[in-house]
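Engineer: In order, the protein sequence lines correspond to chains S and H. The first sequence: position 594 = 594 (this note's numbering), numbered continuously. The number in this note's numbering is simply the position in the second sequence, starting from 1, with 740 added.
Note that these hints are calculated values from the structure, not bench results. We put the beta carbon where it would ideally sit given N, CA and C, even for glycine. Heads up, a few of these hints could be off.
[As the list claims (entries may be wrong)] So these bits of chain H aren't anywhere near chain S, every CB distance computed over 10 Å:
1. E787
2. A822
3. V839
4. Q840
5. P860
6. G880
7. E919
8. A992
9. G1007
10. V1039
11. D1050
12. I1097
13. S1165
[What the hints assert, rightly or not] A few chain S residues that face chain H, going by a derived Cβ cut-off under 7 Å, partial list only:
14. Y125
15. Q155
16. G230
17. G474
18. E597
19. T600
20. E601
21. E644
22. L647
23. T659
24. R723
[Stated by the list, open to error] Below 25 Å or equal to it, Euclidean Cα-Cα: the simulated DSS-like pairs (lysine-lysine) are:
25. S:K148 with S:K393
26. S:K379 with S:K393
27. S:K648 with H:K944
28. H:K1135 with S:K731
29. S:K648 with H:K1153
30. S:K379 with S:K416
31. S:K393 with S:K416
32. H:K1153 with H:K1135
33. S:K379 with S:K447
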Amino acid sequence: MEDTGTTVVGERVRRPDAPDKVKGTALYIDDLALSGSLWGAVLRSPHAHARITRLDVARARTIPGVRAVLTARDIPGRNLIPMIQSDWPVLAAEFVRHVGEAVALVAAESRDLAAEALRTIAVEYERLPALLDMEEALRAGEVMAHWKVRRGDVQSALGRGDLVVVEGTYRTPYQEHAYIEPNGMIGVPDGRGGVIVYGSMQCPFYVQKAVASALGCDLARARVVQTVTGGGFGGKEDAPSAPGAQVALLAHATGRPVRLILSREEDMAVMSKRHPGRVRMRTAATRDGELVAVEVDYLLDGGAYATLSPVVLFRGTVHACGPYRIPNARVESRVVRTHKVPCGAFRGFGEPQVVFACESQMDRLAERLGMDPLMLRLKNALGEGDETITGHKLTSSVGFRDVLDRVAASSDWSRKRAEYARDAGPVRRGIGLAACYYGVGLGALGKHLNPAGASLVVAGDGSVTVAVGTTEIGQGMITVLSQIAAEALGCPVELVHVVEPDTSRVPDSGPTVASRTTVMSGNAIRDAAAKIRAAMEPVIADSGLSWREAVALCAQKQVGLAAHGWAVPPAITFDLETGQGEAYMYYTFSANVVEVEVDTETGETRALAVHSGHDTGKVINPTTGEGQVEGGVVQGLGYALVEEHALKDGRILNDQFSTYIIPTPLDVPEIRPILVEHPYAWGPYGAKGLGETPVIAVAPAVTAAIHHAAGIRLDEIPATPERVWAALQAKNAGPTASRP
Amino acid sequence: MADLIDLALTLNRQPVRLRARSDLRLLDLLRDELRLTGAKEGCGKGECGACTVIVDGHAADSCLMMAFQVDGAVVETIEGLAGAGLHPLQDAFIETGGVQCGICIPGMVMAGKALLDRQPQADLDSIRAGLAGNLCRCTGYTKIFAAVARAAGQPAPHPPAVASTPPAAPGYYRPRSLEEALEILTQRGGEARPVAGGTDVLVKAKDGQQSRASLFDLTAVAELRGIEERDGHLWIGAGATHTEMIDSPLVARVIPSLPQACAVIGGPQIRNRGTLGGNLANASPAADTVPPLYAADAVVELVSVSSRRDMPVAQFFTGPRQSVLAPDELILGVRVPIRAGVRGCFLRLGQRQAQAISKVSVAVGMTFRDGRPEWVRVALGAVAPTVVRAPETEKALLEGGYEALRRAREAVKAEVVPIDDLRSSRAYRREMAAVLLERAVRRVAEA
C-alpha cells in the first residue's frame, strides 16, 4: 500500500484552469480567431438508407468565394475512420446509411457562402428500405458484435424447484451527451503536406489516426492539439474523429485554415449518443435471499457504423449481473446495425442500460422475498476474495459493503423506508436503492491502448511543464495531475503547469475515458518525476534546500531536469469464448439512495435527495471528486426522468434544448456525495478513478423509489409523468386489467 | 443584403461607437466584431444561457437580441466584471469548485450578477430561480449554487453602471414612435418584420424561417410600453415584458393568474425580454400568458397606419401559429376589464421545472358573492389548436360545491381536443386538464 503521508494529494487544491474560465478568457475552439480562415460546412444525407445516384458539385465549385467542394472521390488517403471495425466513412461514397451522414464538404470565405455552396450541390438518392428497429435488425442478422459470459450452470440452477425467480424485460432510451459546447475543429495546413488540427475533443490520438488516414500521411504530419473543451462525457471520444478528418481534408485542399463548428441542431442530429437498450433478465435466489443464478439477454442498437459499439457492449456484458456473488451466470449480448445515427461512448459505457435491468431485478426480488432491498444487496455483495461473474477473484480494494453502509446511514434508510410507506394523499414519498461496479480502464478488449505517457520539464525558476496525452474535459484532470506531479516531485503545486495535450509532445497515451486518466497519466507522471528526483538527489543530498533552491543548484551543476514517463498497467488475461478472466484490472463500487416524491394524480416525479456513494480509492482532490459525483448524478436523474430522443424515419425529431430536455437548476435535488477510499495499490497514492460511476446506478434507484412511493414498476425509462400516470391507471384498474 | 448601421452603447462602463451589419445579433457583435468571446453560443435559441449578458440591469440571452436593440443601452459582459481583482462571484466560483468544463460559466456568472445586483441577499431558492435560464451539464449545479450563495452579500467592486452613451439612433431599425414603426411596416409591407423580445422571432431566424436582415425593433416605441389603469380597465402595453407583469401590483390585482403564468415562462433571461405582444403574435396554443387573458375577457388592441380595431382575445387567434394580425398591423396592447374581488389561478404541466413549454395549462378566474361563485372563467392551453375557453365547465362551476367540481372535471375533458406530440399524449393531456382544473379551482376557492 502507498504511504498516506501526502501533502498535496488529498487536498482541496483550487483548479488551475478556473480563473480563465470565470473571466471568460479561456479560449474554446469557437473563440479562436485565425486570420484568413475559411468556413467549413457539411452536406448531409436526408435519408436513413439510400444509394447516391448523382452527386454533382461542379456548380458549387464555381461560386466565387467557395474554395473547396470535396466528395469521397477527393480523399487522398483512406475513406474510413480507423476505429475498432473501421467501417465508418469520412464521406459517404455510394450509400448513405443514416440521416445526417456526411456526403460532401465545402470551405468558403464566409458562413453564408458555405451554406450557399451546400444548397448548390446537386445530389440525387434512390431510397432503400431502412432497418430502424433493433429487434428487426437482430432478426435480419445484422449483428456487429456478440459477447458472452458462461459461469456455472444456469440451466440446472433455474430448473431447481426451490428458488424464487423474477424476470423482466427492460428498455432504455437514447441519451444525448448535451455538452454545452457543440463539437468544433479548426484545421491549419502545416506547409509541408500535413495539417495541424485544433479542436474540442477527448482523444487527440483517435483524431490523429483519423486525420493521417484520410490524408494518407504519416502520423507525425497529423498533429492534433486539444483546445479548452466544453464538456465531453464520452460524446467527444469517438465522434470527433469525423469532423477532425473532414476539417483536415478541407485545410489540405485549400491550403488555408478552415473552421468547422457544428450548430447545436447539427450536433444533436449527427453526433453519437448513448445506445438504446433492451435487456431480458431472469434472477434466481434462495428463499433467504442468496443469489443463485442470473440469465441475461442484452441487446443494443448500434446505429449505422460500429464506432465503439463492440467495447461498449463488452463492458455491459461483464458487468451485467451487478457487484454480487453469483455462482451461475449466463450472459448473451449483441449490438446490432441499424440505419440510424451511430451510437458511441457515453459516461457509463454500456453499463447504465444493463444496470437499470439488473438493479430493477434486485428490487423486484427483494419485494418477492419480503426482504429489505439494502439487506439483499449486503447479503450478496462482493467482498475481498470473491469472484465476479467472469471469475475474476478480487483480492484487494473492494469497498462495496462500506459504500452500502455509508449511503444507508446518510439517508437514514430504514427509518425513511418505513416512514414514507405511510404517506397517504395524492403526493407520496418513496426511497429506493441501486448499486453498480465499474472496471476501470480499457479492459480486456482495449489492452493495446492502455499505456500512457507524460513529459515533465523543470524550468530554471522551478516551474514545471507537464504534458500528458489525456485531456481536461471539465472533470478536473489538470487539477488532479498537478497535485500528483507536485507530490511526486516535492514541489509547490502552484509551480506545476499542465499544458494542452498535443500529439507531438507525448506518445500515444490512449483515450481520456473509462475513469483511467488519474491512474494512467498519474502513474506516467510519477514515473517521470521519479527520474527527475533521481537526477536531483545526488546534487542536493540532504541539504534541506527549498524546491526553487534545489532547482537552481541543479542548473548550476549542469544537471538537466526533464524526463519522459510511461505507465503500463499489470497484464490481464481474458477468454472471449467463455467470458471468463480478468475483464478489467480493478473495480470501483457505487450505490445510490434516491428519495422522490410522486404526484399520483399527475404522474410527476420530483427527486428530493440523492445519497451517492463511491469507492474510488484514494481521492486526490475531494472538491473535483464531489463535482464528478454531483454532475454524474444529475445526468443520471435526467436519464431516469426526462431524457429521450424521438425519431421518425430515422430522423431525430428533438434536436435542440427546448425539445431534448435536460435538468435545469430548478430540477436538481440535494445531492450528498460520499467518497469511500479503499486504496488500490497500483493506483497513484491508492487512487482508482471516478468519472463514470456517478451516472450508472441512478435510474434504477429512481424507479425503485417510485415503486416504493406509488407501488408501480417501470420497466422502461425515462419515468415521464405520462408513463407513471399510465402505470398508475393500469394498477388502479385492478390486477385483471393490468395483466397483458 | 444587410445594411451597415451605426450603433452606440455603454459596454463594460466604456462608451463604444461602431458601424456594423444590421443583421448581427448582439452575440455576433460581441464575439465577432468586438472579439469579446466570453459569451458562448451553446444553442443560439435562448435555451442554454451560455451567452448571457446584462442589458440595462437585466440578464439577457445575447443570441436572442439583435445588435441594434442595444443602441443606447448599458451592456455588461463577463469581460467587464473583474476590476483590480476578480469580482466576488468569480472568486466564489473558483473557491467552491463551481467550475468544471467552464463553457457555461460566463453565462452563469452574469446571471448570478444580475440576480445579486437586484437581490444582494438572495437565498437558495432565489439563486436557483435566478439561474434557471442557464444549463450546465457538468456540475449538477450544486457547487454553482454554493458559489452564488457565497458571493451573496459581499460588496460588488463597481457601482452599478449608468447610461452615458447617447444612442446613435439607427433610424429604420429602431423607431422611437408608433407612427414611425407603422410607417416602416406599411412601406416595406411584408418584408419588414418587427422584433421585440426576440424570444420567438430569433429562434425562427436560427431555423431559417425568418431573415434577420428584415427585422426592426419595437422596444424603443414609447406607445407600446407601460402597464396602467385606463378608463376602468387595466391596460398592458404590447411591449410589457414578463418580468414587468410579474412585478406589477396592478396586474396581480386585476388578473391574478397572469403573473403566475409569466413566472413559469422560460428562465429570467426570457422573462426579461419576452413581451406580452410577442407572446400573442406568436400565436402558440401553448403560450402561457394567453389562458389568463381568455379567463379575464381581455381585448387585444390592433393598430395600423389607417385603422385601429379591438379584438376579443378569443377571436384574435384563428389556429396554431395563426391570428388575425395583418402584415401592416401591430399589437398596441391588451385591455382587461377590472372586476372587483376577482381571484385567479394559473397552473401548468411542463417537461421540467424551468425552460419548459406547457403540455397543458389552465387559467381560472372567479368572483364570489356570499361564498358562492358569481362569475367563472376557465381557459386552457396546449389542448386544442388555440387556447380555448371551456363554457360548459364554467357553467358547472357556477353551481358551487364539490358535486359541481366533479361535474366540471368531466365537462372539461369533453371540451378539450388535445393531440399527441413530442411533449405529451392526447390521453394524458385530457386527464390532466381535469386534474389541473380541480387544483386551480380549489386554490381560488381557498384563497
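Engineer: Checking one constraint from the list: CA of K1153 of chain H to CA of K1135 of chain H, max 25 Å. Satisfied?
Structural biologist: Holds - the C-alpha atoms of K1135 of chain H and K1153 of chain H are around 14 Å apart, at most 25 Å.
Engineer: Less than 7 Å between beta-carbons is the criterion; does G474 of chain S satisfy it with respect to chain H?
Structural biologist: 3 Å, holds
Engineer: May I ask you to check that A992 of chain H keeps its beta-carbon over 10 Å from the closest beta-carbon of chain S?
Structural biologist: 22 Å, holds
Engineer: When you look at the beta carbon of D1050 of chain H, is every beta carbon of chain S farther off than 10 Å?
Structural biologist: Non-interface label stands for D1050 of chain H: nearest chain S Cβ at 33 Å, farther than 10 Å.
Engineer: Once the shortest beta carbon distance from E644 of chain S to chain H is found, is it less than 7 Å?
Structural biologist: 10 Å, violated
Engineer: Does P860 of chain H clear chain S by more than 10 Å, comparing its Cβ with all Cβ atoms of that chain?
Structural biologist: At roughly 19 Å from the nearest Cβ of chain S, P860 of chain H sits farther out than 10 Å, so the non-interface label holds.
Engineer: K1135 of chain H and K731 of chain S were given as a pair; does the straight-line alpha-carbon distance stay at or below 25 Å?
Structural biologist: Not OK: K1135 of chain H and K731 of chain S at ~33 Å, beyond 25 Å, violated.
Engineer: Against chain H, with CB atoms and a cut of 7 Å, does the hint on E597 of chain S hold up?
Structural biologist: Hint on E597 of chain S: violated, closest Cβ of chain H at ~13 Å, above 7 Å.
Engineer: Using Cβ atoms and 10 Å as the threshold, tell me whether G880 of chain H really stays out of contact range of chain S.
Structural biologist: 3 Å, violated
Engineer: Does the closest beta carbon of chain H sit nearer than 7 Å to the beta carbon of R723 of chain S?
Structural biologist: With Cβ-Cβ at 9 Å, over 7 Å, it is violated.
Engineer: Run the distance test for K648 of chain S versus K1153 of chain H: straight-line Cα separation, threshold 25 Å.
Structural biologist: At roughly 29 Å apart (the allowed maximum being 25 Å), K1153 of chain H and K648 of chain S break the hint.
Engineer: Hey, is A822 of chain H genuinely clear of chain S, shortest beta carbon separation above 10 Å?
Structural biologist: At roughly 6 Å from the nearest Cβ of chain S, A822 of chain H sits no farther out than 10 Å, so the non-interface label is violated.
The structure is inconsistent with the numbered hints 1, 2, 3, 4, 6, 9, 12, 13, 14, 15, 18, 19, 21, 22, 24, 28, 29, 31, 33, although it conforms to all the rest.
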